[in-house]
Amino acid sequence: MTVQGPVEQVPTDRELIDFVVGEARLIDQQRFEEWLDLFTDDGRYWMPLEWGQTDPRLTASLMYEDKLLLKIRVERLKGNRTFSQKPKSRCHHVLQTPQVDSRDEAANEYVTWTPMHYVETRLEEQTLYAAWATHTLTVNDGKLRIKLKRVDIVNCDAAFGNIQLFM
Amino acid sequence: MSRYHGNVEAVRKLVRETEVHRDVYIDEEVFRLEMEHLFANTWVYVGHDSQVPNVGDYFGTTVGTQPVLMVRHSDNTVKVLHNRCPHKGTRITTESCGNAGKFFRCPYHAWTFRTDGSLLAIPLRKGYENTGLEQSHAGKGMSAVRHARNYRGFVFAKLNDGGPDFEMFFGASLSSLDNMVDRSPMGKLEVAGGVLRYMHNCNWKMLVENQTDTCHPMVAHESSAGTAIEVWKNAPAGAKKPMAVEIYAPFMAPYEFFENMGIRVWPNGHGHTGVHHSIHSDYSAVPGYFEKMVSAYGEARAKAILDENRHNTIYFPNLMVKGPIQLIRVFKPIAANKTLVESWTFRLVDAPDMLLERTLVYNRLINAPTSVVGHDDVEMYERAQEGLHVDANQWVNVQRLYDPVEQADVTAETNGTTEWQMRNQFRAWSKFMTLSM
Numbered sequence: 009m010t011v012q013g014p015v016e017q018v019p020t021d022r023e024l025i026d027f028v029v030g031e032a033r034l035i036d037q038q039r040f041e042e043w044l045d046l047f048t049d050d051g052r053y054w055m056p057l058e059w060g061q062t063d064p065r066l067t068a069s070l071m072y073e074d075k076l077l078l079k080i081r082v083e084r085l086k087g088n089r090t091f092s093q094k095p096k097s098r099c100h101h102v103l104q105t106p107q108v109d110s111r112d113e114a115a116n117e118y119v120t121w122t123p124m125h126y127v128e129t130r131l132e133e134q135t136l137y138a139a140w141a142t143h144t145l146t147v148n149d150g151k152l153r154i155k156l157k158r159v160d161i162v163n164c165d166a167a168f169g170n171i172q173l174f175m
Numbered sequence: 007m008s009r010y011h012g013n014v015e016a017v018r019k020l021v022r023e024t025e026v027h028r029d030v031y032i033d034e035e036v037f038r039l040e041m042e043h044l045f046a047n048t049w050v051y052v053g054h055d056s057q058v059p060n061v062g063d064y065f066g067t068t069v070g071t072q073p074v075l076m077v078r079h080s081d082n083t084v085k086v087l088h089n090r091c092p093h094k095g096t097r098i099t100t101e102s103c104g105n106a107g108k109f110f111r112c113p114y115h116a117w118t119f120r121t122d123g124s125l126l127a128i129p130l131r132k133g134y135e136n137t138g139l140e141q142s143h144a145g146k147g148m149s150a151v152r153h154a155r156n157y158r159g160f161v162f163a164k165l166n167d168g169g170p171d172f173e174m175f176f177g178a179s180l181s182s183l184d185n186m187v188d189r190s191p192m193g194k195l196e197v198a199g200g201v202l203r204y205m206h207n208c209n210w211k212m213l214v215e216n217q218t219d220t221c222h223p224m225v226a227h228e229s230s231a232g233t234a235i236e237v238w239k240n241a242p243a244g245a246k247k248p249m250a251v252e253i254y255a256p257f258m259a260p261y262e263f264f265e266n267m268g269i270r271v272w273p274n275g276h277g278h279t280g281v282h283h284s285i286h287s288d289y290s291a292v293p294g295y296f297e298k299m300v301s302a303y304g305e306a307r308a309k310a311i312l313d314e315n316r317h318n319t320i321y322f323p324n325l326m327v328k329g330p331i332q333l334i335r336v337f338k339p340i341a342a343n344k345t346l347v348e349s350w351t352f353r354l355v356d357a358p359d360m361l362l363e364r365t366l367v368y369n370r371l372i373n374a375p376t377s378v379v380g381h382d383d384v385e386m387y388e389r390a391q392e393g394l395h396v397d398a399n400q401w402v403n404v405q406r407l408y409d410p411v412e413q414a415d416v417t418a419e420t421n422g423t424t425e426w427q428m429r430n431q432f433r434a435w436s437k438f439m440t441l442s443m
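For the protein sequence lines, the chains are A and B, in the order given. FYI, in this note's numbering the residues of the first sequence are 9 to 175. FYI, in this note's numbering the residues of the second sequence are 7 to 443.
Hints in this document: simulated from the structure, not taken from any laboratory. Hints should not be assumed to be uniformly reliable.
What the hints assert, rightly or not - Below, a list of computed lysine-lysine pairs in the PhoX-like style, where the Cα atoms sit at most 25 Å apart:
#1 B:K108 / A:K155
#2 A:K86 / A:K96
#3 A:K94 / B:K344
#4 B:K194 / B:K19
#5 A:K86 / A:K75
#6 A:K155 / A:K96
#7 B:K309 / A:K79
#8 A:K155 / B:K247
#9 A:K79 / B:K194
#10 A:K151 / A:K96
#11 B:K239 / A:K75
#12 B:K146 / A:K75
#13 B:K298 / B:K309
#14 A:K79 / B:K239
#15 B:K239 / A:K86
#16 A:K96 / B:K344
#17 A:K94 / A:K155
#18 B:K19 / B:K344
#19 B:K246 / A:K75
#20 B:K132 / B:K108
#21 A:K79 / A:K96
#22 B:K132 / B:K146
Unchecked claim - So the derived list for chain B, only partly shown, Cβ under 10 Å to chain A, looks like this:
#23 V14
#24 R203
#25 A234
#26 A241
#27 V300
#28 Y303
#29 V347
#30 R353
#31 V355
#32 D356
#33 V367
#34 L371
#35 T376
#36 S377
#37 M386
#38 A390
Note that beta-carbon positions come from the ideal geometry of N, C-alpha and C, so glycine has one too.
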């Protein structure tokens, strides 16, 4: 399955929705290199720490990563001496149908909103998280790309154990 | 079966000169005794006074496993109160922090208490006339922790009357807190950015020991810091090294770097890595900061403050301070095999925002539940928590660079890969565990 069929310069709602669903599938199938390619060069993955957080710079976040940091994570997951991934974690997304919140064709920017349940598991432990994913998407060279993926966990300020993969 | 309760000799035997018995990590009875004795006989970090800037502001936390409230009293001092209503035991505050106004009001029966804990009013008070309420526990109000101390904003409490006073307990180790505060041109810190809370399935002492364990970074963090270095090698020539890579890379420094950084031990279990340099020494300068420091302190003093690059300072039992990046970690014991790690960050008042930004990047990359460096460490702690159940060997070794003439409770500077600081902690552990038995 490919997530990335070519799209017109102006994507349809259906294409935006399919993209978001396909993105989660790449994570669940651990196709992390393909997943990384979905981000624009200046794309970001943001997981706020605060409820309704607006500032990623002077307020702590769980993750606020550019492509370099995401690449480090993806490479690390494959490493021979990555002991926290021996054995590897697995994860599972259940998405509600994404809603298209805004379409700014002039700015080439589209925002979707997706409630989801995310399960991460390793060894005997399985943890369920509930979250909302907000994707800011754009069309680059005929393909949809992620400018920002923001994941707000419903209990973002709780004390968590390891979260090793991507929501 | 009670093996350690009331048995001073059995508790002492858990700590030998160069090894400690596994029960200090895995035994629930030892854990309960730690809460009853160790965390009551020592000065334990409660919070920072910038969390309660205004009269009536409170912050709820724990000392060991005891719920307490830190509150700004009407005379502007900071009090530490036991967080229960003296009446039925109800926790007084609803939120973890907030403002009580002029008094605390229990949400159950509306008993009210001044911000120093003293009883203010009880509805239908005449029902207590001639009952001797004044002599009861309830009549005394919310009890205050008698031994609380605000040191340059950092509030500590000691639950028991016994044990050393504040100055005696911390002594020269306070210099690490001093250096962190002095890094503000105004000599003032503010808690800022939010706290990262990370749950660990291991004993709290594993985290404390890890802070001065300089033989693990290049091994356990090869997966994270090593990968960061490898990925950065593919960056275009001349690209500016990002903050994140500056933060990750020193974790892969060779043994020699850590040997030469030095470790200093102080009496009562305190100590620090990074006498001469640390992983924080080579961060890029932040524009405008040095100039502010010079105009506040003069050039010589500003240089002296900024040349101090202590790595991790342990304030025994469960606080770690990183002065050069204004970050502290509190290792909160929950059970023998469960620890909540809180990582707090500070703003240097009147310094450029970029310093706080870097501190937050560090905290996120190293101390968050989503941190790859954190994942490396947790894996080791949890494997140890499991492995310690092997009966064939029941001892943990802390022998590295041990010298038989080594004394307890001294100040000394030594090789940066020594386990002297771990031994120092366990000598203090033994002393404060048995002090009130």
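Quick rundown of the hints versus the structure:
Note on K108 of chain B and K155 of chain A: the hinted pairing is violated, with a Cα-Cα distance of about 49 Å set against a maximum of 25 Å. At most 25 Å may separate the alpha-carbon atoms for a hinted pair to count; K86 of chain A and K96 of chain A meet this at roughly 9 Å. Pair hint K94 of chain A plus K344 of chain B holds up; C-alpha atoms about 22 Å apart against a cutoff of 25 Å. Between the alpha carbons of K194 of chain B and K19 of chain B the distance comes to roughly 44 Å, so the proposed pair goes past 25 Å and is violated.
At most 25 Å may separate the alpha-carbon atoms for a hinted pair to count; K86 of chain A and K75 of chain A meet this at roughly 17 Å. Distance restraint check for K155 of chain A and K96 of chain A: the Cα-Cα separation of roughly 28 Å exceeds the 25 Å cut-off, and the hinted pair is therefore not satisfied. This hinted pair does not check out: K309 of chain B and K79 of chain A have alpha carbons roughly 38 Å apart, beyond 25 Å. Proposed proximity of K155 of chain A and K247 of chain B is supported: the alpha carbons are some 22 Å apart, at most 25 Å.
Between K79 of chain A and K194 of chain B the CA atoms are separated by roughly 38 Å; this puts the pair beyond 25 Å, and the hint is violated. Among the hinted pairs, K151 of chain A with K96 of chain A is inconsistent with the structure: their alpha-carbon atoms are about 31 Å apart, more than 25 Å. About 15 Å separates the Cα atoms of K239 of chain B and K75 of chain A, which keeps this hinted pair within 25 Å; it holds. About 59 Å separates the Cα atoms of K146 of chain B and K75 of chain A, which puts this hinted pair outside 25 Å; it is violated.
Note on K298 of chain B and K309 of chain B: the hinted pairing holds, with a Cα-Cα distance of about 12 Å set against a maximum of 25 Å. At roughly 13 Å between alpha-carbon atoms, K79 of chain A and K239 of chain B fall within 25 Å of each other, so this suggested pair holds. Between K239 of chain B and K86 of chain A the alpha-carbon distance is near 18 Å, which keeps this suggested pair within the 25 Å criterion. A threshold of 25 Å between alpha carbons decides the hint, and for K96 of chain A with K344 of chain B the separation of about 23 Å falls inside it, so the pair holds.
With a CA separation close to 32 Å, the supplied pair K94 of chain A and K155 of chain A exceeds the 25 Å bound. Under the criterion of a C-alpha separation no larger than 25 Å, the hint pairing K19 of chain B with K344 of chain B is consistent with the structure, at around 24 Å. With a CA separation close to 15 Å, the supplied pair K246 of chain B and K75 of chain A stays within the 25 Å bound. Straight-line distance between C-alpha atoms of K132 of chain B and K108 of chain B comes to about 24 Å, which keeps the hinted pair within the 25 Å bound.
At most 25 Å may separate the alpha-carbon atoms for a hinted pair to count; K79 of chain A and K96 of chain A meet this at roughly 18 Å. Between K132 of chain B and K146 of chain B, the direct Cα distance comes to roughly 17 Å. Compliance with the 25 Å bound is thereby established for this hinted pair. At a threshold of 10 Å, the smallest CB-CB gap from V14 of chain B to chain A is about 35 Å, leaving the interface hint violated. Annotation: R203 of chain B was flagged as interfacial toward chain A, and the flag holds, the nearest CB pair being 4 Å apart, inside 10 Å.
With 10 Å as the threshold, the beta carbon of A234 of chain B comes within range of chain A, its nearest partner Cβ sitting at about 5 Å, so the hint holds. Below 10 Å, beta-carbon pairs count as interface contacts, and A241 of chain B has one with chain A at about 8 Å; its hint therefore holds. Of the supplied interface hints, the one on V300 of chain B is violated, with its beta-carbon coming no nearer than about 25 Å to a beta-carbon of chain A, more than 10 Å. A least Cβ separation of about 25 Å between Y303 of chain B and chain A goes past the 10 Å threshold, and the interface hint is therefore violated.
A least Cβ separation of about 9 Å between V347 of chain B and chain A falls short of the 10 Å threshold, and the interface hint therefore holds. The restraint placing R353 of chain B at the interface with chain A holds, with a minimum CB-CB distance near 8 Å, inside the 10 Å limit. A least Cβ separation of about 14 Å between V355 of chain B and chain A goes past the 10 Å threshold, and the interface hint is therefore violated. Taken as an interface hint, D356 of chain B does not check out: its beta carbon lies about 15 Å from the nearest beta carbon of chain A, beyond 10 Å.
For the restraint placing V367 of chain B at the interface with chain A, the shortest Cβ-Cβ distance is roughly 8 Å, inside the 10 Å limit, so the hint holds. Taken as an interface hint, L371 of chain B checks out: its beta carbon lies about 8 Å from the nearest beta carbon of chain A, inside 10 Å. A cut of 10 Å between beta carbons decides the hint on T376 of chain B: the least distance to chain A is about 5 Å, and the hint holds. At about 9 Å, the closest approach between the beta carbon of S377 of chain B and any beta carbon in chain A falls short of 10 Å, and the interface hint on this residue holds.
Hint on M386 of chain B holds. Least Cβ distance to chain A is approximately 7 Å, under the 10 Å limit. With 10 Å as the threshold, the beta carbon of A390 of chain B stays out of range of chain A, its nearest partner Cβ sitting at about 12 Å, so the hint is violated.
In summary, the structure is inconsistent with hints 1, 4, 6, 7, 9, 10, 12, 17, 23, 27, 28, 31, 32 and 38 from the numbered list given earlier, while agreeing with the others.
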